[in-house]
Amino acid sequence: MPDTSPLSTIDLEALGLDRGAHLLVDRALAVLPVGGRLLVRGRAPALGIHLAVWARARGHGIEDLPAADGETRATLVRGGADVARWFGAERAGDPSPSGVSDRPDPTWGFAARGALVEAGGKSLPLDLDEKRWVWTDLAPQLYAQAAASQWDPNTAIDWGAAEPLPREIEAAVVQVMTYLVENEQAALVVPARFLGRIHPHFREAMQFLATQVADEARHVEVFTRRALLHGGPLGASGVGGRASLGTLLEEPDFALASFLLSVLGEGTFLNLLAFIERFAPDAVTRNVARLVRQDEARHVAFGLGHLEYQVTQDPELRDRLRAAIVRRHDALASTAGLSEDVFDALVILAAGGWNPEAIASGYRAVERLQVDMHDGRQRRLVRLGFSSADAAELSALHTRNFM
Amino acid sequence: MVDAPFTLGAVAYDPKVVTIWDGFRTWFNARGFPFDYVLYSHYERQVEELLEGHIDAAWSSPLAWVRARRLAAAAGTFVQALAMRDTDRDLTSVVVVRANSDIETVAQLRGRVVGVGAVDSPQGTLIPLAHLQSLGLAAGEDFEVRGFDVGVGLHGDHIGGERDAARALTEGRVDAACMIDGNHLLFTREGTLPGSSMRILTQTAPYDHCTMATRPLLDAETAGRFRELLLSMSYADPSVRPLLDLEGLKAWLPGRTEGYAQLETAVDTFHFYDRAGHITALDYRP
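Chain order of the listed sequences is A and B. The first sequence: position 143 = 143 (this note's numbering), numbered continuously. The second sequence: position 83 = 83 (this note's numbering), numbered continuously.
These are computed hints drawn from the structure, not numbers from a lab. This structure is a prediction, so every number in the text was calculated from the model and none was measured. Please note: incorrect hints may appear among the correct ones.
Partial list, computed: chain B residues near chain A (C-beta under 10 Å) [what the hints assert, rightly or not]:
id, residue
1, Asp86
2, Asp181
3, Leu185
4, Leu186
5, Ser196
6, Pro238
7, Arg241
8, Leu249
We put the CB at the ideal spot given by N, CA and C, even for glycine.
Work the whole structure out from these sequences, hints included.
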């Protein structure tokens with residue numbers, strides 16, 4: 001029986017398939033049922049040949065190609081390949097942070113959260129693919145805060161306002177800056193290594209870590225720039241400090257690495273940066289410490305947030321956190337920890353002078369700093385559910401290198 | 001001893017061939033049809049090994065099919081064209097000139113230079129040249145043929161020869177260029193052939209392209225099962241759709257052989273193979 005259904009028609013005028021006419025044809029075919037027929041007319045050179053090629057590649061039929069008076073006329077028969085392609089497709093969760101899946105499908109890969117994902121395809125080799133391992137409900141807020149708080153090292157600090165300091169004070173500042181560069185380079189690399197292992201479905205966690213890496217890049221810059229501000233050579237780097245930072249790279253578990261780096265290390269650095277801000281002998285050093293501390297506080301908040309979430313899902317994580325501190329302590333037991341050069345430089349900064357009374361005051365300030373660091377670590381450990389006694393014991397095992 | 005799996009031959013004209021047949025191998029085996037594949041660097045050896053029974057099937061260019069058919073017939077047996085892609089049916093080739101060229105008719109190609117693809121390309125060389133012959137112009141006598149040999153032995157699977165011919169046309173090094181219709185659209189879209197400055201002089205009649213050839217004496221049940229599985233591959237199946245996309249089809253269709261008549265004529269006209277399937281083209285070194 002001949003097909004008597006009315007034929008849809010589209011006139012492409014002079015537009016060819018080499019110039020985008022397929023969009024019009026696709027649009028006209030999309031509203032037809034599979035098997036529906038579309039009369040295509042047009043005056044572009046080679047349109048008839050190109051329509052046949054295009055239809056063949058898309059799985060559409062083509063019935064006739066009678067050309068007359070410079071006009072091509074062809075009847076396309078809608079195929080079902082485009083419909084078949086989306087058979088079994090699903091949404092990759094919900095676009096809002098509240099719709100994050102507990103365990104996103106590894107084949108979703110880099111698809112946007114909430115996108116319609118064609119079924120099939122290979123899984124991305126991402127091992128951090130469970131919500132409890134990377135997520136915190138604070139992630140969207142912390143990321144937004146991080147994005148809004150990015151500062152330009154060139155303009156956020158008035159580098160031109162730097163006045164020369166007495167030689168030995170300047171040397172102490174340079175030594176502290178040298179130490180900070182070393183630590184911030186480690187703090188950049190550690191999250192960067194995990195960034196590529198997180199399922200992009202946890203977008204805000206991934207974005208936050210990206211800002212954390214960018215923050216550390218900026219910190220490396222400003223500490224280096226301050227160290228070189230008055231032309232002096234950089235300070236010294238001790239084996240013990242480098243060994244301590246090296247152990248951060250040896251931790252392959254995201255939870256444990258961010259515990260050691262962000263909660264304990266960067267948490268400890270909050271006190272250190274506040275100390276430097278307080279005792280800085282010049283405005284540039286003071287402002288550098290202040291800006292960096294604001295960033296580090298976010299990193300600590302994210303690390304604490306996702307570990308708090310993970311501990312509620314998996315209380316046994318606390319045992320692994322404890323073991324991680326002990327393991328790192330044992331690994332570093334035979335090393336010197338914080339170099340004397342750095343310790344002395346901090347004393348000199350806090351002393352502000354070279355008489356015995358000033359040095360005694362500086363020494364007390366550094367002792368107080370270490371007590372404050374210990375207190376801060378204990379508070380954060382208690383937030384993760386450790387008892388006060390455990391928190392005190394574990395905090396005492398933290399690296400003497402601070403980070 | 002494990003029964004030998006059904007073994008297919010394919011020509012490695014591109015690294016994606018491994019992805020395709022590895023994927024199909026997994027798919028066939030998962031359906032209880034033991035399947036393996038071997039790769040060849042060119043079609044001639046694959047055809048010969050199909051005829052010798054070293055492989056059960058050969059994913060064949062149209063030229064490879066013509067040779068396999070001739071070799072089999074000469075040996076008093078036959079090969080079968082089991083299945084083909086939906087995109088292998090009713091293709092054409094075109095001869096393109098510059099839009100401002102003084103060549104308005106095929107006859108005006110006389111004395112001119114026509115660029116073609118690889119010497120063994122059905123679509124870029126043999127079929128369009130036979131088409132011009134049918135219109136009264138003998139290649140090499142009435143016009144000069146300039147070949148762009150890329151991937152000789154791959155029977156035109158490599159796009160490079162046709163693309164080089166198209167470039168030569170835009171640069172004025174040849175007066176006309178031959179190519180398959182799909183490449184004409186591709187070259188126009190990508191800018192190799194600026195659409196407004198080119199004109200199609202003539203188009204061949206439709207012909208068919210690749211086919212799944214099976215060896216002589218393959219038992220009908222095995223051949224039938226292989227064909228049945230090929231034809232059952234669904235574009236809606238996510239496990240096979242990426243492979244179909246890579247291989248350039250939406251569905252497998254039953255094989256047919258009437259679409260190779262033009263190529264059979266071209267092979268005779270240009271003495272590419274003799275009637276018994278021996279290679280007789282003097283300038284062909286796969």
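* Quick check: which numbered hints come out false for this structure? -> none
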